[in-house]
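Asks: Produce the complete structure using the sequences and hints provided.
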Amino acid sequence: MSVVTETTPLLSDILADLKSEAGLRTAAHEALEQLGLPGNKSEEYKFTPITRALEKNFQLAKKNPSSEIESIDSFSIPGIDANSIVFVNGVFAEKLSHYEQTDVFIKSISGTENGFGTLADFKTDPFVAWNTAAWSTGISIEVKANTSVSKPIVLHYVHDSAAGEVKSFIRNIIRIGKSSSVTVIEKQDTLGDQAGFSNIVTEGFVEENAELSLFSLQADKGKRFHFGQTTIWQARDSRVNSFTLTLDGKLIRNNFLLVLDGEGIESHMDGLYILQGDTLADNHTVVDHRKPHSNSNELYKGIIDDNAKGVFNGKIYVRPDAQKTNAFQSNRNILLSDKSTVNTKPQLEIWADDVKCSHGCTTGQLDDEAMFYLQARGIDKVTARAMMLYAFAGEVLDKINSEPLKKYFDTLISERLHKNF
Amino acid sequence: MSKDNQLLEELTSKEYEHGWTSNIEMESAPKGLNEDIVRFISAKKNEPEWLLEWRLKAYRQWAKMVDPKWPNVTYPEINYQDVIYYAAPKQKVKPKSLEEVDPELLKTFEKLGISLTEQKRLTGIAVDAVLDSVSVATTFKEKLGELGIIFCSFSEAVQEHPELIKKYLGSVVPMNDNYFAALNSAVFSDGSFCYIPKDVRCPMELSTYFRINAANTGQFERTLIVADEGSYVSYLEGCTAPQRDENQLHAAVVEIYAMKGAQVKYSTVQNWYPGDKEGKGGIYNFVTKRALCAGDHSKVSWTQVETGSAITWKYPSCILKGDHSSGEFYSVAVTNNYQQADTGTKMIHIGKHTKSRIVSKGISAGHSQNSYRGQVHIMKRAEGARNFSQCDSLLMGDKCGAHTFPYIDVENNSAKVEHEATTSKIGEDQIFYCLQRGIDEESAVALIVNGYAKEVLNQLPMEFAVEAQKLLALTLEGSVG
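Chains as they are written, first to last, in my numbering: chain A, 1 to 421; chain B, 1 to 481.
Treat the hints as calculated values from the structure; they're not laboratory data.
Among these hints, one or two may not hold up.
Simulated crosslink set (BS3-like; lysine-lysine; CA at most 25 Å straight-line) [stated by the list, open to error]:
| # | chain 1 | residue 1 | chain 2 | residue 2 |
| --- | --- | --- | --- | --- |
| 1 | A | LYS419 | A | LYS406 |
| 2 | A | LYS123 | B | LYS69 |
| 3 | B | LYS69 | A | LYS315 |
| 4 | A | LYS339 | B | LYS69 |
Simulated DEER-style distance windows between Cβ atoms [said to hold, decoys possible]:
| # | chain 1 | residue 1 | chain 2 | residue 2 | range |
| --- | --- | --- | --- | --- | --- |
| 5 | B | GLU442 | A | PRO404 | 39 to 47 Å |
| 6 | B | GLU455 | A | ILE379 | 35 to 43 Å |
| 7 | B | SER443 | A | PRO404 | 16 to 24 Å |
| 8 | A | LEU412 | B | PRO174 | 43 to 51 Å |
Source: prediction; values computed, not measured.
All C-beta atoms, glycine included, are put in the ideal place defined by N, C-alpha and C.
Replies: In C-alpha cells form, the structure reads like this:
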C-alpha cells in the first residue's frame, strides 16, 4: 500500500539537511523524496500523526546540543549485570558504556556490515528511508556460532535535552550465529525538558537453532517522540522472544517485523502498553511466515487511561509455501477513561490452505461483577481495581523468561497501577 | 489428495446455469458518459427538474473523483466511456397489468424461476423484476396498497411519490459518498422503492430480482427502503446475468432508512455471472449498501450469500444513530476459479446502548482471493455500545487466499467490542470422525461446510434459504477432503 505523500516544508528541510553521499544513503534519500512524509490519509499512519508532531515540536535546522552527562546510573536496570552501550543525543558515548568482548563482538556500526540495509525496507516506509539516509551512529552486535552470551546487552538511548531539542538517528545490526543465544534490552531515557525525536532502525539475523531475546522498555518520562523499526530474519529452528513494554513518551511508534524464513521456527511477540496522560503508543507488527512448519504467537495487551491513545495493527502473512503454519494473535484492551481511545486492526493474509491461524481482539472495561465480588469481600475499590488490572497485565508479564528483568518490569507496572497489596 | 483434485476439477468445470440470453427488443443509449447522457436518461424517465439537477451534480462530482485503489482486488482499468449506461426493453406504453407485458420478458423471468404471474401468488412474495436497467413488473401492488405500503419501481415512485423520494434520496448514501455511488447517482436508471407506513407489519416478503441481459451495458439501479415508526419489512434481492466474455459493470446503491422502532431485514443472494474458469468475463459488482437506524430501538439486519461476480466490492453497513438501535450482518462469501471478493461491513455506533453483530464466513477455492474488510467504530457518545464480530475463512486448495482486514476503533470506555477470526481448512480429524461413523468423505465435507455456513443461512427467509443452499451445494459440495 502506498503512503500518501505530502510535500511539506518539513520534508524539504529534511531533504536539504541530508548530505548526498554515495550508495545506500543516496538511494534512501531519493526514496524519501519520492515517498514523502505520511499525512493523515496514509493507511499505515492513519492514527499516528507523527508528521504533524514533528512539524509542531521540532526545528530541523537546530543541531543537537552537546551533552556533559557524567553518569547514567539512574537509568540502569537494577539487579542486572550487563554489557551496557550508551548513546547520548545520537552519539555513541564510549565513556559511559562498559562492555566486555569475551563472548560477543560489539563495535560501532560502519554501514558495511554483511546484510546491512537488506531487512529494513526504506522503499516503503519514509521513516526507515530517513534513518537509512541520516543515521549517525549505532552498534553492531555479533555472536559467533555455538556461543551462549552470558551477559545481556543493554542499549541505552539517552536524550540530554536540557540545552535544546534533540534528534537522534541510530542504526543497529545484530547477527547471531548457529546455535547461539543472546539477550538484548533497549531502554529510552531523557534528561532535560525539551523535546526529543529518536529514529532507531535495528536489523537482526538469527541463524539456525539460535535464540534472540529482545526486550524494549519505553518508559521515558521526558518529551520523547519515537519511531522504531525492528526487523528480524529467522533461519530454521531458531527462536525469537520479544517483549515491548510501553509506559511513557509523547508519541511512540514501533514497527516490528519478524520474517520466518525456515522450518521449525518459534516466535513469540508480546507487548504491554499501560498509558496515561496524552501518550500515544502505536504498535505495528508483522509476522511473515515464508516457510512451512513454523509457529508464531503474538499477545499485546493495553490499559489506557486519561487522554491516552493506543493503536495496534498486527499483520500475519502466510505465504503460499508456508503450509502447516500455526499463527496466533491476540490484542486485548481496557479503556479506563472517557477520553481514552483505541484503534486496532488485526489483519490476516493467508495464501496457504493447510494452516491454523486465528486472531482475536477485545476492547472493554473492568468487569462490574468481578469488582463487586472483590468489594463484597472487604477489598476497597482502589485495591480491587489495581488487583484486576495487575492480573490483566500479568498474563503478558509472565511470558518474560528473565527473572531479574521480570522483577524490574513488575515494579514499574505495580507503581503505574498503584498496586498496594 | 488425488480425490480432492478430481473433485476440485469437477467443481471448477461446473457451468454457470443462468448464462443464457433472451432476445428482447432493446433500446439503449449510445456508449459513453457525459452530461448529455445524464440528461438523456432523465428525459427518458420523464423526470422532474430537481432530479435532473441532482443527477448532474452527482455527475460533476464523479468526474472529479478517482476510483478506489485500496480494495484487495486487481482488475484492468475500466474504461467508463465504453459502457452503455442505459438499456431498456422496448415497450410502447407502460403496461397496466401483467397481461400486457412482453411474453418474452415473462419467459425470461420464468426461466429464472421467478414467476411474475400465477405461482408467486401461492408462495406469497411480491416481486419487482428489473431487467437491465428497467423495472419490468411489480406484483401484488394492490394487495400491499390496501395496507398503505408503497412498493413499486423507482421511476414510478418519482412520478407518484415525489415528496418521499425528494426527502429520502441520498439521505443515507450521499451522492458523493464514493466513486461508484456517485456514478450510480448520476446514471441510475431504475430500481425499487418501498415505503412501509407507521406500525404496519408487511405481510409478505418483498423482493427485487435483477437481471442483466444486454451486452456492454452497465446496470445501475437504486433501491430505497423507508420504514416508518414501528413498521417491519423483510426484503429479498436476487441477481443473475448472461455468460459473456467481456466484463460488465454493476454499480448499485441500496439505502435503508429505519425510523423509531422499525425493523428491516434485507437479504441478498448474489449470483451474477462469475466469469469462466480462466477468469474471463464476469460481472464487476461494485455496490454501496447502507442503512441508517435513525430512530431509537430500530433494527436493520443484512444477510448476504455471495457466490457470483468476477469481482465483488461491497460493504453493507449500518449507521446506528438512534439509541438502543441494533445492526446485524451475516455473510457467506464463496469464491472459486479467479473470482475476487472484498466484502464486509461497517458498524458505526453513534447512539447509546447500540448493538451490532457481525458473522462473516468466507470460503475460497481455486485461484480465488477472498477478503473480509470491516469496521466497527464506537463513537464518543455511544455509551454501553456492544459489538461482537466473528469472521472465519475456509480455504480449499493451495492456490487461493483468504484475508481479513478488521478495523476496530473505540472511543468510549463503556463499550464492549469483541472480534475473533480464524482461518483453516477442513480438519482431517473432523473428516476422520465422520468416516469412523460410516459417513463417506463427500457427505462429510458437505456436512462440515453446511455446518460452517449454517449460522448465516439460518438468517435467510425460507424461500431464499433453499436457493442459497442449492447455490452453495453447486459451488462447493465435495470440493475438499
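Asks: Determine for every hint whether it applies to the structure shown.
Replies: Here is what the structure says about each hint:
no.	hint	in the structure
1	A:LYS419 - A:LYS406	holds, 16 Å
2	A:LYS123 - B:LYS69	holds, 20 Å
3	B:LYS69 - A:LYS315	holds, 20 Å
4	A:LYS339 - B:LYS69	violated, 33 Å
5	B:GLU442 - A:PRO404: 39 to 47 Å	violated, 59 Å
6	B:GLU455 - A:ILE379: 35 to 43 Å	holds, 41 Å
7	B:SER443 - A:PRO404: 16 to 24 Å	violated, 59 Å
8	A:LEU412 - B:PRO174: 43 to 51 Å	holds, 49 Å
Hint violations for this structure: numbers 4, 5 and 7, all remaining hints satisfied.
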